[in-house]
Each structure stands twice: as structure tokens, then as C-alpha cells.
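My request is simple: use the sequences and hints to build the entire structure.
There are 2 protein chains.
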Amino acid sequence: MNEADIGKYAFGVDIGGTTVKLGLFDRDAHVLDKWEIPTVKDNEGAAILPDIAESIRSKMKEKSILLDEVVGVGVGAPGAVDDEGVMVNGAVNLGWGVFNLSNTLNGYLHLPVESANDANVAAYGEMWQGGGKGYKNLVAVTLGTGVGGGIIVNGKILNGAVGGAGEIGHIHIEDNEPEQCGCKNRGCLEQYASATGIVRLAKRRLEKDASPSILREGGELTAKAVFDAVKAGDVVAVEIAQRFGEYLGKGLAAVADVVNPEVFVIGGGVSKAGEILLSYIEPAFQKYVFPACRGAKFTLATLGNDAGIYGAAGLILR
Amino acid sequence: MNEADIGKYAFGVDIGGTTVKLGLFDRDAHVLDKWEIPTVKDNEGAAILPDIAESIRSKMKEKSILLDEVVGVGVGAPGAVDDEGVMVNGAVNLGWGVFNLSNTLNGYLHLPVESANDANVAAYGEMWQGGGKGYKNLVAVTLGTGVGGGIIVNGKILNGAVGGAGEIGHIHIEDNEPEQCGCKNRGCLEQYASATGIVRLAKRRLEKDASPSILREGGELTAKAVFDAVKAGDVVAVEIAQRFGEYLGKGLAAVADVVNPEVFVIGGGVSKAGEILLSYIEPAFQKYVFPACRGAKFTLATLGNDAGIYGAAGLILR
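Heads up: the protein sequence lines correspond to chains A and B, in order. Residue numbers for the first sequence follow the numbering used here, so the first one is 1 and each next one is one higher. Residue numbers for the second sequence follow the numbering used here, so the first one is 1 and each next one is one higher.
Just so you know, the hints here were simulated from the structure itself, not pulled from any lab data. Any given hint could turn out to be false.
The calculated BS3-like cross-link candidates involving lysine-lysine, where the alpha carbons are at most 25 Å apart (straight line), are [said to hold, decoys possible]: (1) A/Lys136 / B/Lys297; (2) A/Lys156 / B/Lys136; (3) B/Lys287 / A/Lys184.
From a predicted model like this one, the values you see are computed outputs, not experimental measurements.
This is how it looks when you write it as C-alpha cells:
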């Protein structure tokens, strides 16, 4: 092994409730290999970190990688993580209580470990190698089952006091909401701008009157169906998309007034609708945002499900 | 001069539209002297920085302070300032265009200069020596003619992409507002939670019906009058304070969802009402904020008009 080989590689780890995604990266941000292992949640998730350590050691053996050649391991976890790597509220989805994730994994692997919240790590990945490449002040917005957010300020993840920063899906956006959000509040952004939120908006619109729409033709009512109908010129679907855009644009305007990002990177399942999605968000954003913060760009995420392993590796390599 | 005297002092400068406030601080954050000079706005404010430099040089002469004994000069200015000290949009109130404030003042004084937006600098002062002492993640809220904000993350000012971070007074909070805000939008937090906003809320409430109130007894209708009436048990004034608290609590909940601060430090003229003010803000905040961000404390600012010079000096000494 010569000098140039020292610190050649890093691992990115994205811990989910069902599987752990892992990636082996070189210094130039190329993913050399990626794989998954199951997340074993028995016994309060006691096996998760040993399993990850074992999987990384196996991969190093398989590829003949020495300990000296690995710069470190980055980890994204589904819960609040503070700047020191502590899971400040544990992780309900994994059965974890409060402990220092970075130090514990370091104890198993004898490699430097950096940890952060999974949504924040995905945001970091999009900044490092995805839709937000070239920016250092960005907000990543994940429109999936819920609405997640990750905020990057000056190239660093914003964790906040207890790792609760970037919870943009729970900004209060509607005073007249009869149903509860998953968080028990009412009128959260997530209730209108997530995949399930869009379906709720669609149902409410369809129930309002009998105007004709592709969406009444018996297919499953999903966020994808709504945006497919928008692309087909369906008038009712366009109204639904406008309501969605009005809510999300208003919520992101509040985010911009607070952190003034250069760019919003929109990802998650809903973002598969493509650029047309942005055309419903941006006009509402411009209507509500403070003039000095109007310059924020909107772009689509590009890393998909790999944003987590990229961002985790980026914590080490960037 | 012995070794211990090197880097003994710093100056804090708070540039306002009418006067420039200056302070001489020792290393232990004591203000040794403070004074003001007029802000001369003629010729696009060309004299402002030379006047500040001259005033600092005079003070050094008066106190027999040598250049070596001064660590540097911190400056707060009324406009967006980026991380490099550039007034990115100039400063309308001073007649300034776009230029690098830090470098320019350094050119006059041959001392290190750090600059930031005045609201952010005041927030920094409250963190360093004021109501937020001991915290490193805080949001300072100034309830004056408008509603200003300054955000501190991990002990550093959050400027954002173009110095527009912390514009919390312009978070959209009300969809049904007929009047325009100063920023030309409608329904900004500032329209309800500033001193003038509270007067608007009071007028609207008093016009709604004829219920008796101290506020109808002919004195000038001000934010102070409203909170004095609240303290006297005036039912109508209490309703106005509740509306104010509902708006501000809702707005600050959105801020907490985004940056998850440890503490909100409430200052500005309206905060002279005292602790009673917080009793109207906190319940609404708790109602709207995401559960993980609920731990944020509320406290009153303590530095008053000196927050600016303290924060500016803190940029150098902290």
C-alpha cells in the first residue's frame, strides 16, 4: 500500500425501519458498490449497529480494503441526532433509546463515524452530488408519505437545539382543518403537500361537485394519478394541483423568510411528477415570500433513494 | 505596554438611520464608554464610515489606547450583510449601494472589522451578554415599529444566501388581510405583532362593538396602552392581547419548526410590557409547534438599545 492509498474510501450508511442501505465510495464521490441488509429491530434494535459493522468489515475483506484506507463511516438515522452524534430522542422506528450513535459505531469499527438525521443526510447528499450541487445554502424537501425537510447552511447540516430543525412538514398552514395530523396538530403542511395530503385534497375537490374528471374514472386515486391527469389537461386535477402548490408555496415562503436558502431541492415520490410540479409551487412561493428572499431557485432532487448513502458518505468525504 | 495589554479592547458600532451608536469594550465584555455621532446621509452616505473611523480614532487618543491594544471593530448595519461583509442590497436608509463594509472600514482604520445585519447583531448581543446568555441556538425577536428577527445557530449568526435570513416579521400568517404590509405583501406577521400591528388589532376590536374598555377613554391608542389596560384587567384589552399572542405564537412556531432554537428572546419597545407579554405568546406557540420543537423557552431581552453595540463588540471578542 503506498501513501496515495491512505484514506481512499468511505462508507455511507442509511438506516431505515426495514432495511439498512450501505454504499462504498471513493474519494471522488463515485459509488463503487451498494447493498442492503435487513434492519433487525428485536431487543430494542440491539443488533442494528453490530450488523452494520459486520457488513462493512465483510465488504472490506471482499474488496481487500485495509482499515488505513477508509477515511470513515457516515450514518443517517431516522430520528433527531445532535451535533455530537447523540440520538436525542432515540428512534421509535428502530426501538432505540437515547445514546451516542457515532461513538457506539466507532467502538465496533475503530473508524471515524459521523451521524445525522436521515432527512438531513439526504439533503446533504443532494447538495454534495445531487440536484443541489454547487450550492451551500439549501433546503431539501421530501414529498413522500409525509413532508420532510433538511436544511443546509453554509455547507453544514442545521440540526437545531435537539435535532428538530427542518420539520417543515409540520408548519401550521391552515386554520380550518378538521382532521388531525400524525403529530396531533391540525393544519400542518404535510396534510396537504404529501402524497397522502394530495389524495385528501383530491377527494375533497371531487366531493365538492360533479364536474367531470379523469379522476372519477375508477383508477386508484393517488398523487401520481392527480399529476398524470394534470398533464392530460384535466381541469379538476389542475385545480387540485393549484391547491397543493398554494399550500406548499406558502409553507416554503415561510422557510425562506427564516433561513433564506439559495435553492429548494424537491424530492420524494411526489417529485416523480417532474418539472410540472415546480410550476405549481413557484408562483405561490413568489406571492408569499419576503422580497429579499425571492431569489430562491427550485430544482428537482436527482439521487432518489440513494440520497441517504451519498449524504452519509459526504459527511466523511466532503 | 506589556504583553497582557495586547488585544485588550474592541469597539462595537451600531449604524442607524439617525445616529451611530458606538461602544468601547474590554475583553471581559464590560462597556467602558459609549457615545453617539449623527448619521450623515448626504452624498449617498459617503461620510458615514469616515466619521465612524474618526470617532474611534479620537476615542483611542482620548483614552491613550494604541492600535495594538484593539482586537477589532464590530459593526451592525441596517441592511442585508453576507458572510464576507458585503452589503448585498446596499442600505436604503443610509443611501448606501452595494459594497464591502468590512473591507472599507478596515481600509480607514487598519483594524480587523466584522460586519453583520443590525437585527442579527442585536441577537448576537443578547446571546453574548443579554437575555439569551448561556444559549447558542436562539432566535431574537424585536417587536418595535416592525417585527425583526435575528437567528443564532451554534453560536453563529445565520445570514442565509443573501443576508435575508431571520425576516420573521414577513412570514405570511393571515390569508384574509385587506391592507398591504410595508413589504407590499398582505398578512405578514408584522401587521399584527409589531407596535403598530397591535394598534391595528386594537382599532379593529374597538370598532367591532361597543363593549366598554379603558381604551375608549380618550388616551392615545398605543401598544403600551393596550398592555397597561391588560394589566388593569380590561376585558377588551385582554382579547386584543390574545389575538396578538395567537398570531405571534403561530409565527414563532413556524420559526421553531425550521430552526429548532433553545430560546426565543423577545425585545423591542413592545417587550417593555414585561413577562405578561410572554403569557400571551407561549400558549399559542405550544398549540402550533411540532412536538419535538416544543422545548423552546421564552425570555425577555435585557440589553435594550445597547444590544447592537454589545453584539457588534461580541463579533470581535466572543
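Taking the hints in turn, this is what the structure says about them:
Restraint check for A/Lys136 and B/Lys297: not satisfied, since their Cα atoms lie roughly 30 Å apart, outside the 25 Å limit. For the suggested pair A/Lys156 and B/Lys136, the alpha carbons sit about 16 Å apart, so the restraint of at most 25 Å is met. Pair hint B/Lys287 plus A/Lys184 holds up; C-alpha atoms about 10 Å apart against a cutoff of 25 Å.
The earlier numbered hint that this structure contradicts is number 1, and it is the only one.
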